[in-house]
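Asker: Residue strings, one per chain:
There are 6 protein chains.
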Amino acid sequence: MRAIVERGLAEDLAPFGDVSATLLEPDTTATARFRARATGVLAGTGCVDETFRQVDAAVGLVWLAGEGDRIAAGDELAQVRGSLESILIAERTALNLLGHLSGIATATAALVAAADGGCRVWDTRKTLPGMRSLQKAAVRAGGGWNHRANLSDWIMLKDNHLMGLSIADGVARARDRWPARTVEVECDRLEQVGQAIEAGADLVLLDNMSPDQVRDAIVLVDRHEADGGRRPLVEASGNIDLDTIGEYARTGVDLVSVGALTHSVTVLDIGLDIEPQNPE
Amino acid sequence: MRAIVERGLAEDLAPFGDVSATLLEPDTTATARFRARATGVLAGTGCVDETFRQVDAAVGLVWLAGEGDRIAAGDELAQVRGSLESILIAERTALNLLGHLSGIATATAALVAAADGGCRVWDTRKTLPGMRSLQKAAVRAGGGWNHRANLSDWIMLKDNHLMGLSIADGVARARDRWPARTVEVECDRLEQVGQAIEAGADLVLLDNMSPDQVRDAIVLVDRHEADGGRRPLVEASGNIDLDTIGEYARTGVDLVSVGALTHSVTVLDIGLDIEPQNPE
Amino acid sequence: MRAIVERGLAEDLAPFGDVSATLLEPDTTATARFRARATGVLAGTGCVDETFRQVDAAVGLVWLAGEGDRIAAGDELAQVRGSLESILIAERTALNLLGHLSGIATATAALVAAADGGCRVWDTRKTLPGMRSLQKAAVRAGGGWNHRANLSDWIMLKDNHLMGLSIADGVARARDRWPARTVEVECDRLEQVGQAIEAGADLVLLDNMSPDQVRDAIVLVDRHEADGGRRPLVEASGNIDLDTIGEYARTGVDLVSVGALTHSVTVLDIGLDIEPQNPE
Amino acid sequence: MRAIVERGLAEDLAPFGDVSATLLEPDTTATARFRARATGVLAGTGCVDETFRQVDAAVGLVWLAGEGDRIAAGDELAQVRGSLESILIAERTALNLLGHLSGIATATAALVAAADGGCRVWDTRKTLPGMRSLQKAAVRAGGGWNHRANLSDWIMLKDNHLMGLSIADGVARARDRWPARTVEVECDRLEQVGQAIEAGADLVLLDNMSPDQVRDAIVLVDRHEADGGRRPLVEASGNIDLDTIGEYARTGVDLVSVGALTHSVTVLDIGLDIEPQNPE
Amino acid sequence: MRAIVERGLAEDLAPFGDVSATLLEPDTTATARFRARATGVLAGTGCVDETFRQVDAAVGLVWLAGEGDRIAAGDELAQVRGSLESILIAERTALNLLGHLSGIATATAALVAAADGGCRVWDTRKTLPGMRSLQKAAVRAGGGWNHRANLSDWIMLKDNHLMGLSIADGVARARDRWPARTVEVECDRLEQVGQAIEAGADLVLLDNMSPDQVRDAIVLVDRHEADGGRRPLVEASGNIDLDTIGEYARTGVDLVSVGALTHSVTVLDIGLDIEPQNPE
Amino acid sequence: MRAIVERGLAEDLAPFGDVSATLLEPDTTATARFRARATGVLAGTGCVDETFRQVDAAVGLVWLAGEGDRIAAGDELAQVRGSLESILIAERTALNLLGHLSGIATATAALVAAADGGCRVWDTRKTLPGMRSLQKAAVRAGGGWNHRANLSDWIMLKDNHLMGLSIADGVARARDRWPARTVEVECDRLEQVGQAIEAGADLVLLDNMSPDQVRDAIVLVDRHEADGGRRPLVEASGNIDLDTIGEYARTGVDLVSVGALTHSVTVLDIGLDIEPQNPE
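Chains as they are written, first to last, in my numbering: chain A, 1 to 280; chain B, 1 to 280; chain C, 1 to 280; chain D, 1 to 280; chain E, 1 to 280; chain F, 1 to 280.
Derived by calculation from the structure, the hints in this document are not laboratory data.
The C-beta atom is built at its ideal place from N, Cα and C for all residues, glycine as well.
Be aware that one or more of the hints could be misleading.
Non-contacting residues of chain D with respect to chain B, defined by C-beta distances greater than 12 Å in every case (computed) [claimed, not checked]:
(1) 2
(2) 10
(3) 11
(4) 15
(5) 17
(6) 60
(7) 65
(8) 216
Just the calculated beta-carbon pair ranges, DEER-fashion [to be verified]:
(9) D:277 / C:116: 27 to 35 Å
(10) C:116 / D:74: 31 to 39 Å
(11) C:177 / E:79: 27 to 35 Å
(12) B:216 / D:56: 32 to 40 Å
(13) E:189 / B:230: 21 to 29 Å
(14) C:58 / F:64: 16 to 24 Å
(15) A:79 / E:278: 48 to 56 Å
(16) C:227 / D:277: 37 to 45 Å
Produce the complete structure using the sequences and hints provided.
Answerer: Spelled out as structure tokens, the structure:
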């Protein structure tokens with residue numbers, strides 16, 4: 001987070017600092033209020049703290065709402081007091097991060113609500129370079145869960161990796177090379193699902209399947225479990241959105257992954273109302 | 001760009017690299033094709049080049065479409081040939097950047113088309129930390145223009161900076177301290193517009209004004225020019241979108257700034273179709 | 001790896017470069033040979049490549065042995081040809097990395113051999129700051145396996161985390177918050193082992209148990225499996241070394257973790273024999 | 001040190017932080033004690049301070065033993081109080097550094113004791129990339145001395161540099177190009193020693209010589225001094241260890257360099273005993 | 001500034017710190033005084049603060065003179081109190097920055113005085129890599145102004161860019177691609193000046209023109225303004241120095257740029273008088 | 001050097017690149033020539049290579065003069081061929097480094113010539129942060145020598161370090177703690193010189209002494225040598241310049257250090273003449 005804020009500030013200030021602020025009377029102070037201009041879920045408060053800390057540790061910042069809280073348009077979220085110049089310098093970097101991460105949390109919360117407890121919602125690796133940790137933390141703030149962090153985190157077997165190897169052999173090879181590490185198998189067809197279950201995958205990914213196909217896959221999992229087998233987690237993916245997640249949630253699938261949570265973020269509108277005080 | 005790609009790859013690969021790729025037969029090669037799955041404008045091709053260069057300089061990459069080109073769903077955009085492992089490792093970082101930046105270019109092009117030549121469309125400082133240069137380049141790729149780069153680039157006079165100073169005095173002070181640097185004045189009310197024009201601002205920002213209010217402001221500018229004065233550029237901002245930009249464009253305003261271009265990006269769907277070759 | 005080599009070279013060369021090399025006749029070239037002075041397993045060849053690449057891309061380097069190969073005292077491992085000054089500059093950084101990583105691979109291979117197929121040997125988080133990825137890759141080169149990468153990789157439940165919570169509740173909470181992520185339970189006593197198995201842990205860590213205690217734990221696992229339960233992996237740890245691993249391996253334990261693999265490395269002695277050529 | 005700790009923490013925490021710690025009750029605090037589990041010399045206390053500072057500046061840390069102190073198994077070394085989560089996050093990075101550096105100090109102290117005042121013990125450039133400054137400081141903490149920092153620090157004349165040049169001419173060239181900088185000459189044979197002394201080297205390195213050969217070399221130095229010449233320092237190197245250093249020390253040699261001090265470190269076993277407090 | 005000070009300190013301290021300071025009695029403290037040894041203008045005070053902050057936050061530092069103040073030989077500028085070792089470590093880095101930046105400010109002030117209000121003095125891009133922001137801030141501290149920050153800041157049209165394009169077309173293209181961004185035209189001949197004025201350049205650069213030629217150019221500008229045209233700023237450049245700036249200033253030119261301000265800096269002699277206190 | 005060039009380019013190009021170059025016809029190429037506009041000594045050629053390499057590896061660069069060569073006004077130094085845009089982008093960074101470093105080399109050569117072989121000329125630690133290695137290499141290119149690199153390089157005993165300790169005890173302590181490392185003693189008075197010689201300092205610094213005082217000090221050294229003692233090197237410092245160095249050189253002093261070599265650099269005027277080719 002420190003590095004991201006540093007980059008944001010450097011980008012916004014180099015090389016002269018805020019040239020407009022050079023016109024201010026010296027020592028002008030201000031009170032400012034972060035205020036929600038839309039309804040959603042708050043995320044990124046730590047980034048705001050870090051931004052003000054890097055700009056001017058003497059600025060005071062008090063939060064009235066916390067990470068993961070639902071907020072409504074008009075709510076006052078935090079109060080800031082200190083040098084007007086410092087507040088103006090921090091403003092944009094703080095708001096850019098807060099709005100983006102709250103946007104992710106808000107979209108996550110909406111999907112979680114739409115799933116209505118039928119399944120869990122998690123994210124993907126479709127994140128922006130350098131922002132993945134923060135974006136995934138915002139998914140958690142919105143009540144969602146995190147899929148694998150990266151290519152190194154767990155094994156995902158796709159057709160591309162198998163190349164003639166059976167799914168059973170692929171899973172066995174994964175277990176052999178990377179003991180205790182999660183193994184997921186991506187399936188495009190029902191027959192692969194059966195193979196993945198038999199192979200003992202921890203996680204079965206149903207990619208681009210309709211709710212009916214997902215239901216058929218779940219039947220296979222149920223049957224496997226009824227036969228005394230270990231039940232893997234089942235995940236559905238493929239352009240599932242607010243309109244369709246309810247239907248997927250009712251199939252009995254465990255998890256739905258949604259790339260849009262992080263690749264197509266709508267900012268949550270949050271503003272900073274600044275009231276300068278004339279120096280006396 | 002180099003640093004962004006480095007961060008993206010590090011984030012996706014640390015600490016073990018692609019554990020799934022360790023299951024591949026050694027020396028497997030592949031041909032892969034970047035293919036548009038939606039219609040839009042291509043941006044970020046340089047990031048894809050850089051990603052493959054960093055992962056494996058021996059991978060060959062040929063573009064069939066160029067930065068700023070309109071592309072349609074199904075179009076083949078580039079061909080890649082080389083180590084399957086390298087292609088799998090580069091895939092997500094390359095697609096994340098390409099999809100995001102093409103999303104910006106596509107949205108920009110749509111706004112530019114909707115403005116129908118009536119005004120120019122430019123961006124804001126509402127960008128993601130560390131991504132501003134790339135995001136602003138994507139706006140240019142989409143046919144848009146770039147507003148100021150950062151707080152250091154040109155002077156923006158807002159109420160917060162003036163604090164009792166008149167607009168005329170504020171502009172004079174800006175000219176005095178920062179000769180030859182662009183001076184913009186943000187106006188919420190028509191009377192400020194008149195003052196900004198008189199003060200000789202280079203750029204007058206009409207914030208959150210209706211098309212009618214914008215038209216009134218343009219009348220002031222026209223009159224000033226008719227009286228032999230220098231005509232400033234006039235910019236409108238404030239939640240102007242695809243639905244409303246046409247009306248603003250017909251007011252005679254020179255520029256419309258749209259924060260959503262960079263703060264609320266919808267990814268352009270681009271995929272990578274990989275065909276592995278069995279090693280012989 | 002790039003960053004580590006950069007740091008190694010910077011540390012060895014700043015600020016004047018190799019002052020001794022300034023005494024050389026200009027344009028002196030040399031042939032040099034990496035040669036094993038002890039028997040072991042080779043690891044870190046990529047670091048040597050990277051070191052020479054950073055110092056002088058014109059130096060030619062050909063490997064006669066590969067990553068993970070067993071090597072004997074006297075074996076020639078690689079040939080280098082190029083500028084004598086470049087070879088002298090790269091020498092120490094290359095050897096420091098090669099010797100350290102080959103030392104890890106060699107110790108790993110010895111433990112794997114001593115386990116004689118009875119169990120697998122893996123590493124810990126007891127690595128040197130900044131070196132973890134390379135050290136863990138050297139463990140793989142030596143025929144060992146990698147335990148979790150870091151605190152973020154999988155859940156390890158210890159007494160410290162439970163604080164009154166039962167193991168069953170702890171595992172359930174882990175599953176709830178981090179779906180599909182590996183959950184390991186550290187056990188100091190046999191009764192905890194039974195609880196961890198019942199709770200459905202993926203991995204049960206037997207910390208500081210004697211071979212007999214480990215055997216008792218395996219009995220519990222066997223019984224659980226015989227009752228139709230899922231068999232977790234079982235890991236033993238706690239100062240297990242070359243003398244004792246054989247006995248542990250015969251208990252039926254799946255994995256033995258050995259901190260000494262990375263925290264107490266004995267370098268593998270590898271030298272670089274340089275033969276300068278007088279410039280003609 | 002700051003950068004090393006940053007790398008250690010990043011490596012251990014990215015991308016989600018400590019996932020196990022997310023299971024803790026919020027606001028749990030703890031007291032923890034660093035405790036020696038073996039006898040040795042303490043080094044790296046500053047790294048522990050820096051680790052806790054970076055993780056959570058609110059954690060209190062009080063040392064009961066200091067850098068360079070001899071410590072015995074069971075000794076309490078430091079007390080830590082603060083957030084349990086912060087302590088768990090800092091634990092491994094702090095212990096990895098403390099154990100490694102104390103291992104170096106301990107081995108150094110053992111060699112210094114074995115030399116029994118007959119000679120001084122110093123280190124080499126056989127260090128781990130990025131760790132050289134800390135490793136060399138640990139040698140000092142253990143009562144040893146530091147050889148040259150790097151290739152840039154002083155001139156070391158080896159056969160490779162001379163290439164037909166006499167030692168006398170080599171030393172003269174070094175004096176000519178790098179006035180006031182230490183000049184050392186590496187000698188494999190007694191005749192070179194005589195030449196190095198005559199040439200006025202500051203330091204004569206006897207590489208891979210037996211104690212008898214070293215004694216012969218010292219005779220040459222004594223004779224040179226008796227003849228009114230300046231006495232250089234004489235250093236012995238080449239796999240000298242705890243068993244053989246005593247005999248070398250009795251030869252009259254000034255310094256013995258030992259690569260194993262930093263290239264083959266055995267960790268000093270130090271643990272952190274954590275006692276969580278239930279939040280009230 | 002943080003990064004520059006870090007580099008300065010790293011460069012001066014790696015790898016052992018201040019070896020001379022290791023000879024000090026522990027806990028020795030000192031009082032030290034920054035004192036001007038020549039007359040000039042103070043700049044770089046923030047760098048001194050940052051240097052001491054990085055070395056040892058416990059050192060107290062009080063300024064008796066401020067950024068941009070005129071100082072005379074013998075003036076006490078600041079008092080420092082704290083650990084003698086910390087003061088010795090910070091001394092050189094602090095003085096190097098303070099002397100260099102005050103040297104820039106002093107030379108700027110001399111040129112501004114010589115211009116006697118006839119024109120403004122500003123800098124160029126002829127700065128030292130990594131130092132541009134600080135050097136340009138020192139120009140402002142000396143009462144000068146800042147020309148464009150870099151190649152990205154504003155458009156400079158030279159013959160090289162035009163290649164057959166007329167100046168009018170070049171300026172139009174610049175306006176078209178980079179709305180509201182400053183456009184400057186470099187002119188070597190009077191006829192180009194006329195074209196640049198007609199084209200509506202914001203800034204006309206008269207490169208290597210004599211005062212008479214500058215006067216002729218100003219006549220063109222005056223005439224253009226008298227005809228109701230907008231008056232551009234006019235800048236002269238080309239080895240203008242303390243001896244010649246007065247004559248240029250009397251031509252009516254608006255700005256004179258002087259590369260020597262940053263490319264040929266004479267340090268302002270400032271010393272640090274240290275009085276150690278014997279520990280009691 | 002790589003990092004310095006990166007910083008220079010980043011500073012000159014962020015965030016949009018060269019906006020003026022966006023007006024060029026695509027694919028325009030050029031030939032350019034580095035040409036001396038003054039007489040001096042060339043230094044920094046490697047920085048120019050690195051700059052073009054980072055900007056565009058396809059640009060060809062051929063040197064007609066080499067590092068350390070004397071060059072005269074009008075001499076062509078190097079030829080460059082390639083993309084006009086790349087040449088324009090690299091131009092300023094390359095020239096800033098080349099001019100600065102050649103300025104240092106030129107001033108060094110002048111002082112060396114003025115010393116007329118009577119003494120050697122070396123530099124100080126009065127360098128610019130981040131530039132020390134390059135600046136000290138330029139001193140060597142100009143025929144000068146390098147004093148200690150930094151505080152860690154060798155021991156400098158000043159009054160501040162002694163605090164009641166005699167010079168003899170100070171030198172002994174330095175020898176004890178840092179064997180084989182150069183020990184220098186700074187002397188303000190003749191009596192200290194005698195003590196330093198007796199104490200066996202490697203280097204005696206005569207600070208701010210007149211040529212007569214230096215001569216007196218040399219007498220002491222001569223006498224010490226005549227008495228069979230070891231002759232230390234003697235260095236004079238303190239505002240010695242082109243006018244006075246000759247007189248110092250005739251005193252018999254070994255070395256003269258000149259801070260101005262690096263703290264008050266006058267750029268050597270070198271230009272880049274660019275001839276664009278119209279694309280056909």
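Asker: Going back to the hint list, which numbers does this structure go against?
Answerer: 2, 3, 4, 9, 11, 12
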